[in-house]
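Asker: Spelled out, the chains give:
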Amino acid sequence: ILNVEQSPQSLHVQEGDSTNFTCSFPSSNFYALHWYRWETAKSPEALFVMTLNGDEKKKGRISATLNTKEGYSYLYIKGSQPEDSATYLCACLTDSWGKFQFGAGTQVVVTP
Amino acid sequence: DSGVTQTPKHLITATGQRVTLRCSPRSGDLSVYWYQQSLDQGLQFLIQYYNGEERAKGNILERFSAQQFPDLHSELNLSSLELGDSALYFCASSVSGGGSVPNEQFFGPGTRLTVL
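If you read the sequences in order, they're chains W and X.
Note that the working numbering numbers the first sequence so that position 60 is 60, with each residue one more than the last.
Note that the working numbering numbers the second sequence so that position 93 is 93, with each residue one more than the last.
Hints listed in this document are in silico derivations from the structure and should not be mistaken for laboratory results.
From the three backbone atoms N, C-alpha and C, an ideal C-beta is built for every residue, glycine too.
It is possible that part of the hints are untrue.
Said to hold, decoys possible - Selected chain X positions facing chain W (Cβ under 7 Å, derived; list incomplete):
(1) Arg18
(2) Phe45
(3) Gln48
(4) Gly52
(5) Phe64
(6) Phe69
(7) Pro109
One chain only, chain W, in its complex shape:
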């Protein structure tokens, strides 16, 4: 059973538009939240590691926020480009070591 949920499952975005999607997780037993970008035929690539309530991280046109009290994180893509097309995974760390629970991902397709 996946306690970490991502929505929507997929979305199509026009080039230049901005978009965002959600990762929900149980707020109890929270240690950290990781975001990954996963392109087809490649391996997941780390985007952000977030630990504190209210955390905001940014890398280029991609940013993320974290609300540990209500158990959600948003990932934002500003001015989407075709190279942003990928599946974005979130993973919640549920113990003090490495027990991660991954969401099923949000597949983003950016069309020119």
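Go by the hints and put chain X onto chain W.
Answerer: Using the frame of chain W, we list chain X on its own:
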């Protein structure tokens, strides 16, 4: 290239057999994680090793076992293989493994296992 290597890339075997998947972490990384991605399922955490010691365990079957060697490479052993074990197996590494210290994981290219 993440710096994490996995061998073999592809493995085809029969039910009932045993296979070993190998992972070499990035230089300097002490933690190794193993994940399974089956068809239509998300990444499932199997097990984590840190500096040779098992540190966290997920939904790993009893038929599966892993270890991390003194040179920090890790092996995942899958035995009495069943059709349902066909999956993509990823290894990832990170500098440390404690949840209180943010650690991004670097994923290897994966080993695709097909059980016929």
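Asker: Looking back at the numbered hints, which does the structure fail to meet, lowest number first?
Answerer: 1, 4, 5, 6
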